[in-house]
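Assemble chain B onto chain A, guided by the hints.
From first to last, the protein sequence lines stand for chains A and B.
First residue of the first sequence? That's 388 in my numbering, and the numbers climb one at a time after it.
First residue of the second sequence? That's 4 in my numbering, and the numbers climb one at a time after it.
Be aware that a few hints might be false.
Stated by the list, open to error - For the chain B half of the interface with chain A, some residues (derived, Cβ under 10 Å), not all of them:
hint: 1; residue: LEU38
hint: 2; residue: ASP41
hint: 3; residue: GLY43
hint: 4; residue: VAL50
hint: 5; residue: VAL53
hint: 6; residue: VAL54
hint: 7; residue: GLN61
hint: 8; residue: MET64
hint: 9; residue: GLY65
hint: 10; residue: LYS66
hint: 11; residue: VAL71
hint: 12; residue: ASP72
hint: 13; residue: GLU73
What the hints assert, rightly or not - Here are the simulated lysine-lysine pairs, BS3-like style, with alpha carbons at most 30 Å apart:
hint: 14; chain 1: B; residue 1: LYS66; chain 2: B; residue 2: LYS95
hint: 15; chain 1: A; residue 1: LYS452; chain 2: B; residue 2: LYS95
hint: 16; chain 1: A; residue 1: LYS575; chain 2: A; residue 2: LYS470
hint: 17; chain 1: B; residue 1: LYS62; chain 2: B; residue 2: LYS95
hint: 18; chain 1: B; residue 1: LYS62; chain 2: A; residue 2: LYS389
hint: 19; chain 1: B; residue 1: LYS31; chain 2: A; residue 2: LYS452
hint: 20; chain 1: B; residue 1: LYS62; chain 2: A; residue 2: LYS452
hint: 21; chain 1: B; residue 1: LYS42; chain 2: A; residue 2: LYS452
What the hints assert, rightly or not - Computed far set for chain A versus chain B, every beta-carbon distance over 12 Å:
hint: 22; residue: GLY391
hint: 23; residue: ASN454
hint: 24; residue: LEU476
hint: 25; residue: ALA484
hint: 26; residue: VAL529
hint: 27; residue: ALA550
hint: 28; residue: ALA582
hint: 29; residue: MET589
hint: 30; residue: LEU592
hint: 31; residue: SER597
Calculated directly from the structure, the hints in this document are not laboratory data.
Just so it is clear, CB atoms sit at the ideal spot from N, CA and C, and this is done for glycine as well.
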Amino acid sequence: MKPGCTILIAGSRQGLGRALAEYYAERGHNVFGLSRRESDLVHPRYQHICADVTQEGSVQEAFAKINRATTSLEVLIFSAGLKATSYALLTPQSQAAHMLNTNLLGAFTVTCHAVRQMKRNRFGRLIYFSSIAVPLGGAGSVMYGASKAGLEQMAFAMSREFARDNITFNALGISIYPSAMVEELGEKALAETRAALVKPEMLQLDEVASAIDFFASEAARQITGQTLYFGGVR
Amino acid sequence: MGEDILGMVYTALDESDAQSLNGAPVEKTPEAPLLGSDKGVDSLTIVNLVVAIEEQIQKRMGKTVVLVDEDSMALQEHPFRTVGTLAAYVEKVIHKHR
Numbered sequence: 388m389k390p391g392c393t394i395l396i397a398g399s400r401q402g403l404g405r406a407l408a409e410y411y412a413e414r415g416h417n418v419f420g421l422s423r424r425e426s427d428l429v430h431p432r433y434q435h436i437c438a439d440v441t442q443e444g445s446v447q448e449a450f451a452k453i454n455r456a457t458t459s460l461e462v463l464i465f466s467a468g469l470k471a472t473s474y475a476l477l478t479p480q481s482q483a484a485h486m487l488n489t490n491l492l493g494a495f496t497v498t499c500h501a502v503r504q505m506k507r508n509r510f511g512r513l514i515y516f517s518s519i520a521v522p523l524g525g526a527g528s529v530m531y532g533a534s535k536a537g538l539e540q541m542a543f544a545m546s547r548e549f550a551r552d553n554i555t556f557n558a559l560g561i562s563i564y565p566s567a568m569v570e571e572l573g574e575k576a577l578a579e580t581r582a583a584l585v586k587p588e589m590l591q592l593d594e595v596a597s598a599i600d601f602f603a604s605e606a607a608r609q610i611t612g613q614t615l616y617f618g619g620v621r
Numbered sequence: 004m005g006e007d008i009l010g011m012v013y014t015a016l017d018e019s020d021a022q023s024l025n026g027a028p029v030e031k032t033p034e035a036p037l038l039g040s041d042k043g044v045d046s047l048t049i050v051n052l053v054v055a056i057e058e059q060i061q062k063r064m065g066k067t068v069v070l071v072d073e074d075s076m077a078l079q080e081h082p083f084r085t086v087g088t089l090a091a092y093v094e095k096v097i098h099k100h101r
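The following block holds chain A by itself, in its conformation from the complex (with noise of 0.2 Å):
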C-alpha cells in the first residue's frame, strides 16, 4: 500500500477490524471507521463514524461525512460481519435474514457508495473479508458460508463493472484469527477447523495486513475478482 492512503474500514469496533484500524492508523495512513457504536479507538489519524450497514441511510449519512473530509478514498476493507453456528434446522428465518443483509447486503450498500469516489479518482481497491467457511462448508455454517461465498461472487462480478476504472474487488479468507468470533465457536468446533486445515495456527495481524497490502497496491492492479484464503484451503 502506498503512504498516506486514506482507508475506510467497515466493522472497525472490534476483532480484526479494529486491529486493522490502529494498525494502519500507525503507519501514517488515514483511517476512517464504521460500526454501529462508538469505538474505544483514540488515533490522531483515526475517524469513527457510527452507521448501520443495513441500513442505506445511515450509510448514506456516513458518506456524506466522509465525502466532506476527503476526496481521495482509495482503500475499502469491509470486515462488518456476524458469525452465528448454528445448524439449518435451528436457524430462525429472522437470523438467517439478519446475517445475509449484515455480512452481503451491507457489503454492497457499502461498496456503492465507496466506489463513486474512487471512480472520480480512477483509483481504489476493495478488500473483503470471507472465510475459510465457504471451502470447508462445515456444520452450523450455512448462511455464514452463504454469505460469504455471496460476498465472493459479488467482488468477483462488481470487478468487471469497474475493470475500466482501475478499481479492484478481492476477498481474503480468513481461517482462524483470535477474536471473539473464534471464542464462541467453542473448543470442539475450533479444533473441527483447525483438524480440516493445512496450516491451522492462529492468524497473526501482520500476516492478514501483508496480504491486504498486497492488494491494495498499485502494481495489484491487475489482480481482481479473486479470493486469497488462508489456512492452505482452497
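Showing chain B alone in chain A's frame:
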C-alpha cells in the same frame, strides 16, 4: 426545468463521453435518447453519467445525493429514457434535498 440543471447534465455528459471507449457522444438536446432505445447508450455509460451528475451536484451545490434509489426505480416513467427526462429527474432529486 432550470437551464442550469440541463447545463449540469450536459457537463456530466462530456465527462462520461470522455470515459467511454466506444460509441458516439450523446447529443446535447433534451430529446436525445439514453436507455431503452436502439439509438441510446449502454448501461455502463449510464453508470458513468450517474456518477458524473452526482459529482456535479456535489461541486456546484455542496450536496451529497444518490440518484438511483427506491424512488427512482418506482417511477412509472424511467428517468433515464432521454437527456430531458434525466434532467427533470435530477431537478426533483435536488428539490427533495433542499
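Please write out, lowest number first, the hints stated earlier that are contradicted by the structure. 1, 2, 3, 8, 19, 21, 23, 27
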